[in-house]
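Residue 607 is where the sequence shown ends in our numbering, and the numbering goes up by one at each step.
No wet-lab data here; the hints were simulated from the structure. Be aware that one or more of the hints could be misleading.
Okay, derived cross-link-like pairs now, DSSO-like style, lysine-lysine, Cα gap no bigger than 27 Å in a straight line [said to hold, decoys possible]:
hint : residue 1 : residue 2
1    : Lys261    : Lys103
2    : Lys365    : Lys442
3    : Lys16     : Lys365
4    : Lys531    : Lys499
5    : Lys587    : Lys554
6    : Lys398    : Lys261
7    : Lys343    : Lys3
8    : Lys313    : Lys343
9    : Lys554    : Lys365
10   : Lys(-11)  : Lys27
11   : Lys365    : Lys343
12   : Lys(-11)  : Lys103
13   : Lys343    : Lys259
14   : Lys467    : Lys398
15   : Lys8      : Lys(-11)
16   : Lys313    : Lys16
17   : Lys54     : Lys313
18   : Lys312    : Lys259
19   : Lys(-9)   : Lys54
20   : Lys103    : Lys54
21   : Lys65     : Lys361
22   : Lys27     : Lys16
23   : Lys16     : Lys407
24   : Lys442    : Lys407
25   : Lys499    : Lys8
26   : Lys312    : Lys54
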Amino acid sequence: MDRDLLERKIKNIPPRTGVYLMKDREGKVIYAGKAKNLRSRVRSYFKGNDTRPMIPFLLARVRDLDFVVTDTEKEALILENNIIKEHRPRYNVFFRDDKTYFSLRIDLRETFPWFQLVRRVRKDGARYLGPYPSGFAARETLHFLHRVFPLRTCSDRVFRQRRRPCIEYEIKRCLGPCCGLVTPEHYRSLVSDVIAFLEGRGRGLLRDLRERMERASGALEFEEAALTRDRITAIERTLEKQSIASPAMRDQDVFGLYREGSLTQVFALHIRNGNILGKMKFPLVRLAAEPAEILSALVKQYYSGESFIPEEIVTSEEIEDRDVIGEWLSEKKGGKVSILRPRRGERNRLLRMAERNAEDAFKADRNIESEETALTILREKLQLKRQPERIECFDISNIGGRFAVGSMVTFAGGRPEKAGYRHFNIKGVEGADDYAMLREVLERRYRRRENLPDLIMLDGGKGQLGIALSVLRELGVEGPDVIGLAKGEVEIEETIPSALKARRIAARGEDRVYLAGRKDPVYMARYPAAYFLLQRVRDEAHRFAITHHRKIMGKRVTRSRLDDIAGVGPKRKKALLSRFGDIAGIQEASPEEIMNAGRVSRVVAQKILDHLKGTAPGGEKGGPGIE
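Using the sequences and the hints, build the whole thing.
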């Protein structure tokens, strides 16, 4: 769409509430926003009224506009949030959710519900508690619950099939609901206790438990009283570790922000009933957006998938659309939700605490200057189309064509993004054809043309680069730059022999960068920050490939010819391999040695030797290799 047509389209946008979508020449949504007055808001971009740093880059790529009219600002906010999650526009603030915060799930509609550790919050009618900042924190919490509250831990399938109590019942870690050993009412009272504890109402729970202990003691139910006493002690010890953040005893989420350059770190304190119940570090983002815009996007995206919403949300910046967000969250919660930017008092103290945590997390994670500089240098010296914020690097690992695997590692903002790592087990290539293997991996990765990187990197030289360019051309993938990083050649030089012995010096030559359309390689060693980043990405892809290759090889090696022998199970196989080292060692052993090592009869020992040496009936002569 040319500029004249674009301007005419802008004039026809109605002055109503809704969502506008900006698209590039391929029709891809690159920015989405909501507005009370669509016409006025869109016009402000092209009149120069919007001074955000990213606006010139956005406008340079806009080729089409679209809009959706809504009845209210709240509807526009919800629609905008859904569009951003679906399309992930390049110029919108988007906090990736592929890191998958952990939550505890419980379906209260079940007669005997159980707590599960899950990665996704779904709209399935179940109750979700959390999220937890790490898998370790979530598992520690779950372990504590299982130790203190005797609820079932087995899955629904196991629960339905069980006919007698398991070991958990015997050690008093479960009440045995599978066998009808506890009433649904008593079981649900324990579930309520757990939920009260997880929601930060632990001190109220302690009061209730003490009353129950006294009643049980008065009724001479001493075993029940003792169990309740132990539960009280465990909860008290846990609560002692939680610092009191606010005497107001309210539920709050406090979001602190720290920024250097275009990099922003957000840190959240989760306060329940005045206690700091949890802390959460969000992924570091590299954005030209203003802090207020970043926090607005974070709040909308974070709570769109959260089942628990606190009474107060405290932010380090004034959010422009806080009233609309507050209305949306209040409706979602079923009670009033306030979004505040305090200037003084208790809330401000909490905010300063969150901001200090954000700064500490930022500085602990990375050396920002070197990595930002490295990306800039890469773009300039390699003449890339854009800054390589997202890099995907590929490597192939195999032994003579066997156990072949491909790896892809992803770097975002100059650091590893583990959620973007992928393994590829080679399926369609026979023999040691690295080029064909690389072609298969690239075709499988880019066939769907989703979430394309800024830069595709190959561990190799001209040959690997040519394969990648060919695949992308055949698939119709445009946009990413492609480079190959080839290791430098090793040169061995002999020096003049010393009086004692000759010395040999080995020096590795400089790695070479190969670019599309350029005959000669580019040497980057004079730019250490960029050079070391390329090496780090390449080495990480190699490490990831080798690790998976060894794992696959180990699994297949473990599946040895011993598995084909009747009477040799996993334990005997392990014993034999531990004693003799490998198949060749077993072949050289005597029947008596095999009998002693594997604890087998003479008949089985002889059967093992005959099979391995290929002298068993119908067998063929075989060596010590893997079948």
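Now for the hints, and whether the structure bears them out:
1. Between the alpha carbons of lysine 261 and lysine 103 the distance comes to roughly 25 Å, so the proposed pair stays at or under 27 Å and holds.
2. Taken as a hint, the lysine 365 and lysine 442 pair is honoured in the structure, with Cα atoms around 20 Å apart against an allowance of 27 Å.
3. As the CA atoms of lysine 16 and lysine 365 are separated by approximately 36 Å, the hinted pair breaks the 27 Å bound.
4. At roughly 38 Å between alpha-carbon atoms, lysine 531 and lysine 499 are farther apart than 27 Å, so this suggested pair is violated.
5. This hinted pair checks out: lysine 587 and lysine 554 have alpha carbons roughly 17 Å apart, not beyond 27 Å.
6. About 16 Å separates the Cα atoms of lysine 398 and lysine 261, which keeps this hinted pair within 27 Å; it holds.
7. The straight-line distance between the Cα atoms of lysine 343 and lysine 3 is roughly 36 Å, outside the 27 Å bound, and the hint therefore fails.
8. For the proposed pair lysine 313 and lysine 343, the alpha carbon gap of about 35 Å is over 27 Å, so the pair is violated.
9. Between lysine 554 and lysine 365 the alpha-carbon distance is near 55 Å, which puts this suggested pair outside the 27 Å criterion.
10. This hinted pair checks out: lysine -11 and lysine 27 have alpha carbons roughly 15 Å apart, not beyond 27 Å.
11. Of the pairs offered as hints, the one joining lysine 365 and lysine 343 is violated, with about 30 Å between alpha carbons and a cut-off of 27 Å exceeded.
12. For the proposed pair lysine -11 and lysine 103, the alpha carbon gap of about 38 Å is over 27 Å, so the pair is violated.
13. Restraint check for lysine 343 and lysine 259: the C-alpha separation of about 17 Å stays at or below 27 Å, so the hint holds.
14. The suggested pairing of lysine 467 with lysine 398 holds, with an alpha-carbon distance near 24 Å, which does not exceed 27 Å.
15. In summary, the hint linking lysine 8 to lysine -11 is supported, as the alpha carbons are separated by about 18 Å, within the 27 Å threshold.
16. Of the pairs offered as hints, the one joining lysine 313 and lysine 16 holds, with about 24 Å between alpha carbons and a cut-off of 27 Å not exceeded.
17. For the suggested pair lysine 54 and lysine 313, the alpha carbons sit about 15 Å apart, so the restraint of at most 27 Å is met.
18. For a cut-off of 27 Å, the pair hint linking lysine 312 to lysine 259 stands: about 23 Å separates their Cα positions.
19. For a cut-off of 27 Å, the pair hint linking lysine -9 to lysine 54 stands: about 25 Å separates their Cα positions.
20. Restraint check for lysine 103 and lysine 54: the C-alpha separation of about 20 Å stays at or below 27 Å, so the hint holds.
21. The straight-line distance between the Cα atoms of lysine 65 and lysine 361 is roughly 34 Å, outside the 27 Å bound, and the hint therefore fails.
22. For the hint pairing lysine 27 with lysine 16, the CA-to-CA distance comes to about 18 Å; that is within 27 Å, so the pair holds.
23. Of the pairs offered as hints, the one joining lysine 16 and lysine 407 is violated, with about 54 Å between alpha carbons and a cut-off of 27 Å exceeded.
24. Distance check on the hinted pair: lysine 442 and lysine 407 sit about 24 Å apart at the alpha-carbon level, within 27 Å; holds.
25. This hinted pair does not check out: lysine 499 and lysine 8 have alpha carbons roughly 34 Å apart, beyond 27 Å.
26. For a cut-off of 27 Å, the pair hint linking lysine 312 to lysine 54 stands: about 12 Å separates their Cα positions.
Going through the hint list in order, the structure does not satisfy hints 3, 4, 7, 8, 9, 11, 12, 21, 23 and 25.
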